[in-house]
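> Sequence:
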Amino acid sequence: MTNRELSPEAIEGLLKTLKGRFEKNTNRHEDLLWTDVQAKLEANLEKLWSLGEMEKTGGEPDVVGYDKKTGEYIFIDCSAESPKGRRSICYDRAALDSRKEHKPANSAMDMAADMGVELLTEEQYRKLQEFGNFDLKTSSWVITPAPIRKLGGALFCDRRYDTVFVYHNGAESYYGARGFRGLLRV
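For what it's worth, the numbering used here labels the leading residue of the sequence shown as 302, then goes sequentially.
Since the hints were made in silico from the structure, they are not lab data. It is possible that part of the hints are untrue.
To be verified - In silico DSSO-like links for lysine-lysine, alpha-carbon gap of 30 Å or less:
#1 K348 to K317
#2 K370 to K325
#3 K401 to K438
#4 K341 to K438
#5 K317 to K357
#6 K404 to K370
#7 K325 to K369
#8 K385 to K401
#9 K438 to K320
#10 K348 to K325
#11 K369 to K357
#12 K451 to K325
#13 K428 to K385
#14 K451 to K401
#15 K325 to K404
#16 K451 to K428
#17 K438 to K428
#18 K385 to K370
#19 K341 to K385
#20 K428 to K369
#21 K438 to K317
#22 K325 to K341
#23 K320 to K341
#24 K404 to K357
#25 K370 to K348
#26 K341 to K369
#27 K341 to K451
#28 K357 to K325
#29 K404 to K369
#30 K369 to K401
#31 K320 to K401
#32 K317 to K404
#33 K385 to K320
#34 K357 to K320
#35 K317 to K401
#36 K357 to K341
#37 K348 to K369
#38 K428 to K320
Construct the entire structure; sequences and hints are all you get.
The following block contains the structure:
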């Protein structure tokens, strides 16, 4: 078993957790069947490993859509707040390397790559908010356009006053209440 594989017991437990969440939150994926999702997951064990990493870090991933063009199910972290196991991190490796002292343990982009997931775009983040009220106390880094990043900035989003806000910060900044949400296509 490699480091990107789950044991049969872990697979069974993760599928049970994902199925329970899928059945509890049908508003996120109307007209989709769990049996179809499970078959796709069982045929893509590395993607299942990535979902396991999302779950392990507190993301509570769930299906939020199906891409008819690619035949892929779209999973996004649906935890009420930015996943606890992915907070206190700066935006990317360049930002992490630029810090001279008090470096965070990691960066959002590096963690996402290690997990095999993508950060949400602003558009995807806004779409997620249609399924509930997320990040009422926390915030989440989102993909930052190259011109902003080139100038040292990075974007993050949250929900306050029943509105989704997009903000900027130095990419090297990190806060205990800021993490990132991942997206995985299976």
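> Would you mind marking each hint as holding or not holding in the structure?
Going down the list of hints, with the structure as the test:
no., hint, result
1, K348 to K317, "holds, 16 Å"
2, K370 to K325, "holds, 27 Å"
3, K401 to K438, "holds, 29 Å"
4, K341 to K438, "violated, 34 Å"
5, K317 to K357, "holds, 14 Å"
6, K404 to K370, "violated, 42 Å"
7, K325 to K369, "holds, 24 Å"
8, K385 to K401, "holds, 25 Å"
9, K438 to K320, "holds, 27 Å"
10, K348 to K325, "holds, 22 Å"
11, K369 to K357, "holds, 29 Å"
12, K451 to K325, "violated, 42 Å"
13, K428 to K385, "holds, 21 Å"
14, K451 to K401, "holds, 19 Å"
15, K325 to K404, "violated, 39 Å"
16, K451 to K428, "holds, 27 Å"
17, K438 to K428, "holds, 19 Å"
18, K385 to K370, "violated, 33 Å"
19, K341 to K385, "holds, 28 Å"
20, K428 to K369, "holds, 17 Å"
21, K438 to K317, "holds, 29 Å"
22, K325 to K341, "holds, 20 Å"
23, K320 to K341, "holds, 13 Å"
24, K404 to K357, "holds, 23 Å"
25, K370 to K348, "holds, 19 Å"
26, K341 to K369, "holds, 14 Å"
27, K341 to K451, "violated, 38 Å"
28, K357 to K325, "holds, 19 Å"
29, K404 to K369, "violated, 42 Å"
30, K369 to K401, "violated, 47 Å"
31, K320 to K401, "violated, 45 Å"
32, K317 to K404, "violated, 38 Å"
33, K385 to K320, "holds, 22 Å"
34, K357 to K320, "holds, 16 Å"
35, K317 to K401, "violated, 44 Å"
36, K357 to K341, "holds, 21 Å"
37, K348 to K369, "holds, 19 Å"
38, K428 to K320, "holds, 22 Å"
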